[in-house]
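Asker: Next come the chains, spelled out residue by residue.
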Amino acid sequence: MKQFPRPLSKILWLLIILFWPPRIHAEMDLSANAVLRDHLWKDISAKPKGQRPTIGLVLSAGGTRASAHIGVISILKESGFPIDVVAGTSMGAIIGSLYADGKSPDELRKLSLKMGAATGSNINPWTLIEYLFAQKLFSSKKLERFIKKELKDKRFEQLQKPFACVAMDINSGEAIIFREGRVAPAVRASMNLPGIFKPVEYRHRYLVDGAIVDYVPVDAAKLLGAQWILASVTEDDFTRARPDSVLSSMQQVIDIRGAVILDTQKKAANFLIEPAVGNVPSAGGTTLYMTPTPWIIDQGKLAANRFLHKAEQSYILFSMPAIAKGYL
Amino acid sequence: MRKIFLALILLGPSLPAQASWNIFAPRKDPLAKEKELFQEGRYKEVIKDLGRDQFQYYRGKNLARAYFYIGQSYEYTDHLGRALGFYELGVKLFPNDLRLAAALALLLHRAGLETNAEPLFKKILRAHPNNAEAHLGLAEIDANLGFLKRSVHHYQATLKSVPENADIWRHYAEVLMRLRQFLDAEFAAKKSLALNPDPKTEMDIAFIERDKGNLDQALSLLDSPNLNSKYGVKAERLKGLWLLEDNQVAKAILTAKNVQRVSPDDPIAHWILAQAALNRGQISKAKKELGLIQNSQKHSFVYKAAQAFLQSIPQY
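The listed protein sequences correspond, in order, to chains D and X.
So our numbering is basically just the index in the first sequence, starting at one, shifted up by 28.
So our numbering is basically just the index in the second sequence, starting at one, shifted up by 42.
Bear in mind the hints are in silico, worked out from the structure with no lab data behind them.
Virtual Cβ for every residue (Gly too), placed ideally from N, Cα, C.
It cannot be assumed that every hint is accurate.
Claimed, not checked - Sample of chain D residues facing chain X (criterion: CB under 8 Å; computed from the structure): (1) 57; (2) 110; (3) 111; (4) 349.
Said to hold, decoys possible - Distance condition first, Cα-Cα at most 16 Å in a straight line; then the derived EDC-like pairs of lysine to aspartate or glutamate: (5) 254(X) - 66(D); (6) 142(D) - 106(D); (7) 191(X) - 326(D); (8) 103(X) - 71(X); (9) 138(D) - 326(D); (10) 75(D) - 287(X); (11) 105(D) - 326(D); (12) 191(X) - 106(D); (13) 346(X) - 66(D); (14) 254(X) - 71(D); (15) 86(X) - 71(X).
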């Protein structure tokens, strides 16, 4: 057992606490910018939906990295930032659907940390041999069961917040935006990695992961009526990545393909929060599981906390006609 | 064994008295002088005494103590870079020395290097789960980084050990405010105020009352002489904005004019006067006031808000 030297005596600790010079405790900001932001934010955020621009939260794809969205949601919720509609792709669709159903950030965190085993689907030694030697793809049915169970097989219309998710039709290359019908198969299709999982046959289409064509589904949020869009983007820094597994290579190709349209999509959003998770591989090592970790979730919190006031300012400026209407 | 014992008895009287007793006497503290100087606050002398060459004569715990004394002495004489160097080396050499770890963590925290300080505080807590200083450090770090629930937990642990520190109660109240737990925040802020009537705490309570919807009470708190003596114009312009929120337009105008007496170009005063003019249907006057928010603050939020507002007015 490790032996630590005797710590400072209790009295000395108390003296340090009592007389220690002030530390980095952020004192209340009473600058002109801060007080006006606070004043206008209180005004606009208290208005009911419809009397202010509709706020859309867009959650990007990104596999394991995308679990940072939970941290972003957590900060938005704690600060009372209103979210009216939600859209997501791939892992963003899983988190988005659960959030739109009213799951708290703590519940999302708990669910995501056990999500690793749920996303892997029917992986066992036999299916693995089939995959390797007969090129037979896995099934992502297990993910659908997971979502179905958590959402009690709800339809889009039954969720607490309007929600949309995106998949790609493998025959036409179109982005298919789901916003009605049963949620679970749509989310499954959105997260259905090509090359690993069989395309999902749903509504007469063969569907795979939407990240290839709609990495940051701003268009889906706009279809739901969002006017001001906050996008949480967990982009891959693939310039430095060294994929060492089948899944990470596949995911990297998807990310590169997604990056082609990413810049345009990022510009279409009104505000971006980009957690520093670019160096995290989309899928964990050589496994086929996507296992979020508390560290990744915390990165989302850090980024959202850092840019929260800027996001408020951006929304206030966007909403100025609605604010002015209140004064006139 | 018996022979050795007999030899010692026989040789004992022939040895010089001092030498024979040295075997049993307590060892002299090699850092006694530095310890005394340090405790007397003579930090420059500690630094001089513990010159780099001196370090080679210490071993084990004494070497760790030497690093602690010199690090602290540099820190108290505002040579933070040097203090950091000694602490870091000390912690590398003696990873289990909690005094050094705590000193390094506090210095890193003060320097705003939160993510570097955090693991050190956690290490201290693993060894001493109730260590108040480590809990306080983590509470402040978590609050700054946005981990508010964790921060609350660490503040509560700190306050169990140090229940009479007004600043800690105030900081705890501010975290609860950010979590929108206004009743708990009010309790903590009032506890802080009871321990020390600090205008910062009064300001916190004013914000809490406003967030709870008690604007009247919040406004009366802003009038407190204690608070005004510290915040002056800042409190006054806050009052103007809150009066607007409470639809007390005439009083808001008076407050804005009070601000302008002290600071004629104050952008918030112009904003208040513009909103008051709009409220009375005086659109051209409102536009004039918004236009007065100076171009020199082009990148500021106030300027951008004024411009956006100006563009929104003709729509109605």
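Asker: Now look at each hint and say whether the structure bears it out.
Answerer: Cross-check of the supplied hints:
no. : hint            : verdict
1   : 57              : violated (10 Å)
2   : 110             : violated (13 Å)
3   : 111             : violated (16 Å)
4   : 349             : holds (4 Å)
5   : 254(X) - 66(D)  : holds (15 Å)
6   : 142(D) - 106(D) : violated (23 Å)
7   : 191(X) - 326(D) : holds (13 Å)
8   : 103(X) - 71(X)  : holds (11 Å)
9   : 138(D) - 326(D) : holds (13 Å)
10  : 75(D) - 287(X)  : holds (13 Å)
11  : 105(D) - 326(D) : holds (15 Å)
12  : 191(X) - 106(D) : holds (10 Å)
13  : 346(X) - 66(D)  : holds (15 Å)
14  : 254(X) - 71(D)  : holds (14 Å)
15  : 86(X) - 71(X)   : violated (21 Å)
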